[in-house]
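J.: Below are the chains, spelled out letter by letter.
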Amino acid sequence: SLSYWNISNANCFTLVIKELLSQYGLYQERLLGNNNRLSHECSSLRTSKDFNEYEILVKRKNTNGYNTYYEANFLIRVNLETEILPPQVTKNLSKDTQGLHAYLSVSMLSNDVSNVATNLQIHPLLDNLLGNNVAKQCPRWGGSNGSTLLEYLIVVRRYLQEKINRIAENFIKRKDCINSFIHHFNGALLEYDCENYTCASLLLVTNGFYFILHVSLPSGFPQSMPVLVIQSVYHRMGILPYKETRTSYPYSPRWSGKEMVERIQYVL
Amino acid sequence: MLTNNEKKENQQDTMNRNILVDQSTENHPENIVICLDLSNEMNTTLFKSKGSSMTAFQLAKKMIDIFVNSKHIMNPLHRFAVIGLYDGASWMCDFTSNPESINSILHHVKPGDTQEFDMASLFQTLNENAVVEDDNSGSFYVVRSILIYGRSICKPHFSNQEVFKKLIRNQRFFLDLLYIHDIPTEDNNCQSIYETFCDLIKPNSYLFDVTKNTVFLFDNMAKLLAHPVQRYLQEETNYNLHRNVPM
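These protein sequence lines map, in sequence, to chains A and B. Reminder that position 182 of the first sequence reads as 187 in my numbering, one-by-one numbering, no gaps. Reminder that position 110 of the second sequence reads as 122 in my numbering, one-by-one numbering, no gaps.
Worth flagging that the hints you see were computed from the coordinates, not collected in a lab. All C-beta atoms, glycine included, are put in the ideal place defined by N, C-alpha and C. Treat the hints with care, as some may be off.
[As the list claims (entries may be wrong)] Covered stretches of chain A, going by a simulated chain B footprint (3 or more residues, C-beta under 8 angstroms):
#, region
1, 107-117
2, 131-140
3, 211-218
[What the hints assert, rightly or not] Listed below are the simulated DSS-like cross-link pairs for lysine-lysine, each with C-alpha atoms no more than 30 angstroms apart in a straight line:
#, chain 1, residue 1, chain 2, residue 2
4, B, Lys62, A, Lys248
5, B, Lys224, B, Lys214
6, A, Lys54, A, Lys23
7, B, Lys214, B, Lys178
8, B, Lys122, B, Lys60
9, B, Lys60, B, Lys73
10, A, Lys248, B, Lys60
11, B, Lys62, B, Lys73
12, A, Lys248, B, Lys224
13, B, Lys73, B, Lys214
14, A, Lys248, B, Lys74
15, B, Lys178, A, Lys248
Whole structure, please, built from the sequences with the hints as guidance.
T.: Now the structure itself:
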């Protein structure tokens, strides 16, 4: 506060700005009055543990110059649990702290309960991580997704969190599969993707014949099976090394990495 | 096969290797320098296969082509360069991730007369062109030099070991060797040349030698595909497809 200005405190000006923003937000809420739907929504947000970081802008409007109503525009921060994501996945995100949460903008009218516009805003890096079009596929307001702001925010957060959890689970499964190849064919490793565990290459020999086995895990793994490419070290087809691709072999996404590798060896 | 002085990894080298491997939650693309012997012996050493014969140089071009294409399949960020070895070393092309560029360079080089080979020239050329960063630079790439030497008479020598010693201490520099030679006899220097290479390499290096066997040549070049940061020590490798599987 300007009343407590401390010239020796380097953060003093920042604190003043923060206080100003806070007071401005309260002022905006007071414009809505008391005991109406919008003021109850504000009150719910302010007292919630999980969604109390928000900004609000209220616009006063009227129809035909007589009937006054209000448009409340919220920008609410949706915090996400990203600690479960491996560092290799989040290393680009960590350079920009804005990437680990999302923002939901909501526009509500005091005179029309059903007229609610929402827009999920995600940092491009997070959007790329979760799969493109995450914002467009966000659950819509209303129906089973809730008719109050808090109910809807919980649905949105659950939607995003499930995607993050799936990324973490798929990473663990990929890592298990690639590590299983490396350990099973101990001593045969040529190279593997040690960041995202999407591929590995091994040099193998049978009856004096050497060949390279390239293992690629598609983005849909484990639901989608690994792609196996067997490449010759002796022959070319045209200008490229001779190789054949295997996408059809006994497979189940429920198998552990160890079992997958043992069965693939059997096929090879 | 020539006899190999047993390579024992000292404790410091083990620590250094484990540091680089343990830190590998990050992919390190390679800058691979193919150092190809262009002496006349590469044109006179013949490999016979199925009624036909090819020179070591012809086979080397083919196996290098398969090598760079295979590395490119594994990681398109790997880059390649070529040094030609005559009496000294000559930088032939800058780093490129395009295997076709390497193929094109090899298509135009030709073996020639040589009287000696100065190893100092090779490492000086590497130091000037491969830009090997020091350990704390946070450099993204590692540099691997693959020396393909094809002389059975001419023993490599060092006019100066200063640059070599500096490079060999660098954790991000790796040296592998493929020695192509005649059958060792009293009339050639194959054994002593091989021993020279044994003294040159680090414990995490790969050293292979091949005597006029086409299949072994390609087999060993395939083993050199292994990424130096992720691979096993040479004596720990096991490529056998058939492992015990309880089915």
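J.: Now tell me, hint by hint, if it's right for this structure.
T.: The hints, checked one at a time:
Counting residues of the region 107-117 of chain A whose CB lies closer than 8 angstroms to any CB of chain B gives 0, so the stated coverage by that chain is violated, three being the minimum. Check on the region 131-140 of chain A: 0 of its residues sit with their Cβ under 8 angstroms from a Cβ of chain B, so the three-residue criterion for coverage is violated. Note: the region 211-218 of chain A has 4 residues with beta-carbon separation from chain B under 8 angstroms; the three-residue rule is met and the coverage holds. With a C-alpha separation of about 23 angstroms, the suggested pairing of Lys62 of chain B with Lys248 of chain A holds against the 30 angstroms cut-off.
A C-alpha spacing of about 26 angstroms is found between Lys224 of chain B and Lys214 of chain B, which places the hinted pair at or below 30 angstroms, so the restraint holds. At most 30 angstroms may separate the alpha-carbon atoms for a hinted pair to count; Lys54 of chain A and Lys23 of chain A meet this at roughly 20 angstroms. A distance of roughly 13 angstroms separates the Cα atoms of Lys214 of chain B and Lys178 of chain B; the hinted pair therefore holds under the 30 angstroms criterion. Between the alpha carbons of Lys122 of chain B and Lys60 of chain B the distance comes to roughly 21 angstroms, so the proposed pair stays at or under 30 angstroms and holds.
Between Lys60 of chain B and Lys73 of chain B, the direct Cα distance comes to roughly 16 angstroms. Compliance with the 30 angstroms bound is thereby established for this hinted pair. With a C-alpha separation of about 25 angstroms, the suggested pairing of Lys248 of chain A with Lys60 of chain B holds against the 30 angstroms cut-off. Distance restraint check for Lys62 of chain B and Lys73 of chain B: the Cα-Cα separation of roughly 19 angstroms lies within the 30 angstroms cut-off, and the hinted pair is therefore satisfied. Taking the CA atoms of Lys248 of chain A and Lys224 of chain B, the gap is near 26 angstroms; set against the 30 angstroms cutoff, the hint holds.
Taken as a hint, the Lys73 of chain B and Lys214 of chain B pair is honoured in the structure, with Cα atoms around 26 angstroms apart against an allowance of 30 angstroms. For the hint linking Lys248 of chain A to Lys74 of chain B, the alpha-carbon distance of about 16 angstroms falls within 30 angstroms, and the restraint holds. Our distance criterion of 30 angstroms between C-alpha atoms is broken by Lys178 of chain B and Lys248 of chain A, whose separation comes to about 41 angstroms.
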